[in-house]
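Chemist: Residues per chain, in single letters:
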Amino acid sequence: MRRSGWKIAMALSLAAVLLFPLISGAQEKVIKIGALYPMTGRAGLYGLDSVAAMEMAIAEINAKGGAAGYKLDALYTDSKVKPDYAVHVAKRYIEEDKVNFLFGTVSSGVALAVTEVSKQYKKIFIGTDAAATELTVDNLQPYYFRVSNDTFQSMAAGALYLKGMQAKKPWKKIAFIGPDYAYGHSQWNELRYNLDKLGVKYEVVGEHWPKLAQPDYTPFITTILNQKPDILVAGFWGGDTVAFIKQALPYGLFDKMLYFHPDAGGNYELMSAMGDELPNGLILGARHYNNWPETEGNKAFVDDFHKHTGRYPSYCAEAAYEGIYAIAKAVEKVGNPDDTEALVKAFEGMKLKMPEDPDGFTSYIDPASHQIVQVQAIGVTEPNDKFPPAKKMLGQWKVFKAEDLMPPKDFIEAHTKK
Amino acid sequence: MDFKREFKTLVPALVGFLFFAVLPAVRTSDYQLTIASNTIIWALFAMSFNMLFGMTGMLSFGQALYFGLGGYFVGLLVCHLGAGWFVPAVFLGVLGAGALSLIVGPMVLRLTGVYFTILTLAFAQLGWGIVVKWYDFTNGDDGIQGIIPPGVLGNKVTYYYFCFFLVSLSLWLLWRISLSPFGLILRCVRQNPDRVRFLGRRVKRNQLRIYVLSSMFTALAGALMAGVDNSVSTEMWHWTTSGEVILMCILGGIGQFYGPFAGAVLMILIEDMVGARTEMWSMVIGIIMLVMVLAFPKGVVGEFANLAARLTKKSGGMEVGLGTNTRS
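Taken in sequence, the protein lines are chains A and B.
All residue numbers for the first sequence refer to our numbering, where the first residue is 1 and numbers rise by one.
All residue numbers for the second sequence refer to our numbering, where the first residue is 1 and numbers rise by one.
Source of the hints: derived by calculation from the structure; they are not laboratory data.
Since the model is a prediction, treat every value here as computed from it, not as a measurement.
C-beta: ideal position from N, C-alpha, C; glycine also.
Please note that the accuracy of each hint is not assured.
As the list claims (entries may be wrong) - Listed below are the simulated SDA-like cross-link pairs for lysine to any residue, each with C-alpha atoms no more than 25 Å apart in a straight line:
| # | chain 1 | residue 1 | chain 2 | residue 2 |
| --- | --- | --- | --- | --- |
| 1 | A | K71 | B | I270 |
| 2 | A | K32 | B | L33 |
| 3 | A | K211 | B | I118 |
| 4 | A | K32 | B | V152 |
| 5 | A | K98 | A | M165 |
| 6 | A | K329 | A | R311 |
| 7 | A | K345 | A | P367 |
| 8 | B | K156 | A | N139 |
| 9 | A | K246 | A | R42 |
| 10 | A | K329 | A | N280 |
| 11 | A | K211 | A | L225 |
| 12 | A | K119 | B | V152 |
| 13 | B | K133 | A | E96 |
| 14 | A | K29 | A | A59 |
| 15 | A | K307 | B | T278 |
| 16 | A | K7 | B | I287 |
| 17 | A | K163 | A | L253 |
| 18 | A | K98 | A | A368 |
| 19 | A | K29 | B | T158 |
| 20 | A | K64 | A | R42 |
| 21 | A | K211 | B | K133 |
| 22 | A | K256 | A | Q396 |
| 23 | B | K133 | A | N139 |
| 24 | A | K122 | B | R209 |
| 25 | A | K123 | B | Y159 |
| 26 | A | K122 | A | K163 |
| 27 | A | K119 | B | I118 |
| 28 | A | K123 | B | F198 |
| 29 | A | K351 | A | S363 |
| 30 | A | K256 | A | Q141 |
| 31 | A | K398 | A | A414 |
| 32 | A | K7 | B | I118 |
| 33 | A | K409 | B | G146 |
| 34 | A | K122 | B | G154 |
| 35 | A | K32 | B | T278 |
| 36 | A | K98 | B | I270 |
What the hints assert, rightly or not - Away from chain A, derived, C-beta distances all over 12 Å, residues of chain B:
| # | residue |
| --- | --- |
| 37 | F7 |
| 38 | D30 |
| 39 | V232 |
| 40 | M236 |
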């Protein structure tokens with residue numbers, strides 16, 4: 001009977017794994033926030049940075065006595081970047097854990113599925129990262145608010161940047177490369193929409209659609225070199241940006257054309273991953289920068305994050321941090337976290353001083369689109385070793401006014417009349 | 001079949017049926033209803049898949065194709081033609097899957113073994129690729145949202161019973177199939193296809209029949225899922241979905257008729273409980289699968305059946321519908 005003894009041991013160890021310690025802290029007056037972030041896989045870093053920033057904000061607010069007498073408490077679940085699983089978790093948050101707010105998501109596909117749950121259950125969903133313009137245009141519902149830029153705002157800033165450049169250093173030919181899914185396509189469409197709106201004359205010499213996480217960009221790189229664009233617009237994120245730049249370097253691509261990457265190119269993980277290798281003179285944008293604006297608020301946020309985690313944050317951390325502050329502010333105003341309709345009113349038009357706000361500007365949530373309105377800056381890579389392991393950071397900033405970046409009426413109408 | 005044996009096979013089914021039938025009335029939170037809806041739908045998916053895998057020995061790695069098709073039939077029809085199309089779309093999806101599997105089936109059935117598996121995977125990924133790329137029609141990787149069942153079905157409890165009714169009916173049909181002469185031939189096909197030919201029965205034709213039937217039930221599961229989530233995503237078409245259903249079957253036991261049902265229940269509960277507490281869910285599921293495959297290859301239901309048989313000093317146990325030689 002040796003074999004059955006072994007089986008019993010296996011069964012017991014299995015039971016031990018399943019009876020994972022149940023941790024739950026029951027407090028009396030709490031604001032419960034149910035967060036969904038990817039914590040594994042390619043987008044895992046964004047999720048982990050967002051969670052760290054959430055914890056930071058929650059600790060800060062609770063240390064000051066919470067919001068309207070309520071302490072904040074958050075639950076975190078790995079969304080696995082799977083919309084159907086995220087829907088399941090969101091329902092658990094609402095039905096079982098009785099959260100007051102849904103929070104998070106990096107992937108737009110996940111956010112679009114979760115915003116549907118938020119609509120059905122009338123639970124406020126604070127979006128901190130997912131950038132699809134659809135979330136606040138086509139699929140906008142009363143309980144969704146986004147506290148980070150969408151791709152439209154980044155692309156509007158990008159178009160203004162390109163227009164400004166044309167006046168100084170004439171360019172005409174433009175090419176695009178970006179991942180072949182919704183995120184890549186919206187960037188390119190929205191950039192062209194904005195260029196056309198500004199009356200910029202340009203000629204598209206190539207569009208390239210590698211798949212997400214493409215291992216080899218060589219065929220694209222050689223084609224782009226043959227097409228000789230003046231400007232190469234890129235729409236990658238995360239590891240894809242690093243892979244593309246590393247592979248394009250030996251071909252001298254960055255000497256032959258301007259590399260322009262206004263939505264996620266300026267993410268800090270690119271600087272930390274590439275160190276000295278990162279070429280100077282790339283024009284990049286992100287939704288938050290560790291070294292801009294040089295305000296007390298931003299410095300404090302970045303330093304605290306570093307103290308907390310031992311690393312500098314990527315762009316997404318700041319929106320998660322501010323999302324928590326937005327919730328605290330809304331609850332403070334309403335007096336309790338349960339009156340959803342009053343909370344919606346409190347979010348609409350809410351003014352929020354964010355780390356990414358330069359002096360003299362305060363972000364606010366547009367009551368019509370539930371989208372935060374923010375200043376957007378675009379910078380150029382240059383040597384700067386103040387944020388190790390990065391050796392280059394962005395500088396020579398160009399800053400664009402928040403109001404100029406919002407989707408205009410005709411764009412919204414064209415999208416909602418489908 | 002003597003009465004005692006008949007009774008033995010029906011008891012678990014009846015217990016399960018009653019449990020899921022009264023659950024909405026005795027539930028302590030709405031979330032239990034959500035989990036139950038997910039469970040019965042995935043159980044249908046797993047059990048219809050097991051008709052291919054456990055019973056006929058055809059390891060298809062592409063059943064996500066039909067799961068996604070069912071879901072997208074509902075999603076697209078509701079999105080383009082209105083919510084009233086929900087119920088017709090469920091059945092049109094089932095017919096659509098039947099039609100598609102009649103086209104794909106003869107192609108994948110040209111091969112056997114691992115080549116068959118790879119070919120089914122290829123077709124499923126082809127479907128996934130089309131759905132992801134065809135933005136104008138399928139909305140690409142953004143998925144389709146706002147799929148609300150119309151009228152009384154909009155209520156969660158009624159929708160649950162709608163699913164429960166269709167799932168029960170489907171499982172009963174699958175059970176009847178597994179006990180029928182056709183089911184017997186399918187088992188022969190798994191164990192010894194040559195002998196099936198010697199007996200004058202056609203292997204390919206029977207394989208195609210069960211492939212089509214299984215695909216239709218799979219599409220039904222996908223269609224019902226769309227109403228639970230109120231959205232569909234390209235994830236439904238992805239190979240990970242096909243993989244998940246294989247894991248469910250192995251966890252529950254492929255040699256038992258109810259095995260995949262137990263596997264679906266366990267898998268959803270484990271994923272839910274572990275996912276809620278740690279982001280290391282994949283490690284936990286990995287360990288569980290490792291232990292299951294190494295120590296309990298017959299799956300939860302299979303091993304319990306063995307245990308019960310050993311305790312009552314009888315051989316056989318609850319080999320409901322599928323015979324004993326399940327590991328061949």
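Chemist: Confirm or reject each hint.
Modeler: Against the structure, the hints:
Using a Cα cut-off of 25 Å, the hinted pair K71/A and I270/B is violated, with the two alpha carbons roughly 30 Å apart. About 22 Å separates the Cα atoms of K32/A and L33/B, which keeps this hinted pair within 25 Å; it holds. Note on K211/A and I118/B: the hinted pairing holds, with a Cα-Cα distance of about 22 Å set against a maximum of 25 Å. Simply put, K32/A and V152/B have alpha-carbon atoms about 32 Å apart, too far for the 25 Å limit, and the pair is violated.
Proposed proximity of K98/A and M165/A is contradicted: the alpha carbons are some 52 Å apart, above 25 Å. For the hint linking K329/A to R311/A, the alpha-carbon distance of about 28 Å lies beyond 25 Å, and the restraint is violated. With a C-alpha separation of about 9 Å, the suggested pairing of K345/A with P367/A holds against the 25 Å cut-off. For the given pair, K156/B sits about 23 Å from N139/A by alpha-carbon distance, which is consistent with the 25 Å threshold.
Restraint check: the Cα-Cα separation between K246/A and R42/A comes to about 18 Å, which is no more than 25 Å; the hinted pair holds. At roughly 41 Å between alpha-carbon atoms, K329/A and N280/A are farther apart than 25 Å, so this suggested pair is violated. Distance restraint check for K211/A and L225/A: the Cα-Cα separation of roughly 20 Å lies within the 25 Å cut-off, and the hinted pair is therefore satisfied. With a C-alpha separation of about 19 Å, the suggested pairing of K119/A with V152/B holds against the 25 Å cut-off.
Restraint check: the Cα-Cα separation between K133/B and E96/A comes to about 36 Å, which exceeds 25 Å; the hinted pair is violated. Among the hinted pairs, K29/A with A59/A is consistent with the structure: their alpha-carbon atoms are about 16 Å apart, no more than 25 Å. With a C-alpha separation of about 24 Å, the suggested pair K307/A and T278/B falls inside the 25 Å cut-off, and the hint holds. Using a Cα cut-off of 25 Å, the hinted pair K7/A and I287/B holds, with the two alpha carbons roughly 15 Å apart.
Of the pairs offered as hints, the one joining K163/A and L253/A holds, with about 22 Å between alpha carbons and a cut-off of 25 Å not exceeded. Distance check on the hinted pair: K98/A and A368/A sit about 28 Å apart at the alpha-carbon level, beyond 25 Å; violated. Proximity of K29/A to T158/B is assessed by CA-CA distance (about 35 Å); at most 25 Å being required, the pair is judged violated. A hinted pair counts as satisfied when its Cα atoms are at most 25 Å apart, and K64/A with R42/A does not qualify at roughly 36 Å.
Proximity of K211/A to K133/B is assessed by CA-CA distance (about 11 Å); at most 25 Å being required, the pair is judged to hold. Taking the CA atoms of K256/A and Q396/A, the gap is about 21 Å. The hint holds against a cut of 25 Å. Of the pairs offered as hints, the one joining K133/B and N139/A holds, with about 20 Å between alpha carbons and a cut-off of 25 Å not exceeded. The hinted pair formed by K122/A and R209/B fails the criterion: a straight-line CA distance of about 46 Å is larger than 25 Å.
This hinted pair checks out: K123/A and Y159/B have alpha carbons roughly 21 Å apart, not beyond 25 Å. For a cut-off of 25 Å, the pair hint linking K122/A to K163/A is broken: about 42 Å separates their Cα positions. For a cut-off of 25 Å, the pair hint linking K119/A to I118/B is broken: about 40 Å separates their Cα positions. Between K123/A and F198/B the alpha-carbon distance is near 64 Å, which puts this suggested pair outside the 25 Å criterion.
Proximity of K351/A to S363/A is assessed by CA-CA distance (about 6 Å); at most 25 Å being required, the pair is judged to hold. A threshold of 25 Å between alpha carbons decides the hint, and for K256/A with Q141/A the separation of about 45 Å lies outside it, so the pair is violated. Under the criterion of a C-alpha separation no larger than 25 Å, the hint pairing K398/A with A414/A is inconsistent with the structure, at around 30 Å. Restraint check for K7/A and I118/B: not satisfied, since their Cα atoms lie roughly 33 Å apart, outside the 25 Å limit.
Note on K409/A and G146/B: the hinted pairing holds, with a Cα-Cα distance of about 24 Å set against a maximum of 25 Å. The straight-line distance between the Cα atoms of K122/A and G154/B is roughly 15 Å, inside the 25 Å bound, and the hint therefore holds. For a cut-off of 25 Å, the pair hint linking K32/A to T278/B stands: about 18 Å separates their Cα positions. Note on K98/A and I270/B: the hinted pairing holds, with a Cα-Cα distance of about 21 Å set against a maximum of 25 Å.
With 12 Å as the threshold on Cβ separation, the claim that F7/B sits away from chain A holds: the shortest Cβ distance comes to roughly 28 Å. Distance to chain A contradicts D30/B as a non-interface residue, since its nearest Cβ pair spans about 4 Å, not more than 12 Å. A beta-carbon of chain A comes within 12 Å of the beta-carbon of V232/B; the shortest separation is about 8 Å. The Cβ of M236/B sits about 7 Å from the closest Cβ of chain A, inside the 12 Å cut-off, so the non-interface label is violated.
Violated hints, in rising order: 1, 4, 5, 6, 10, 13, 18, 19, 20, 24, 26, 27, 28, 30, 31, 32, 38, 39, 40; the structure is consistent with all others.
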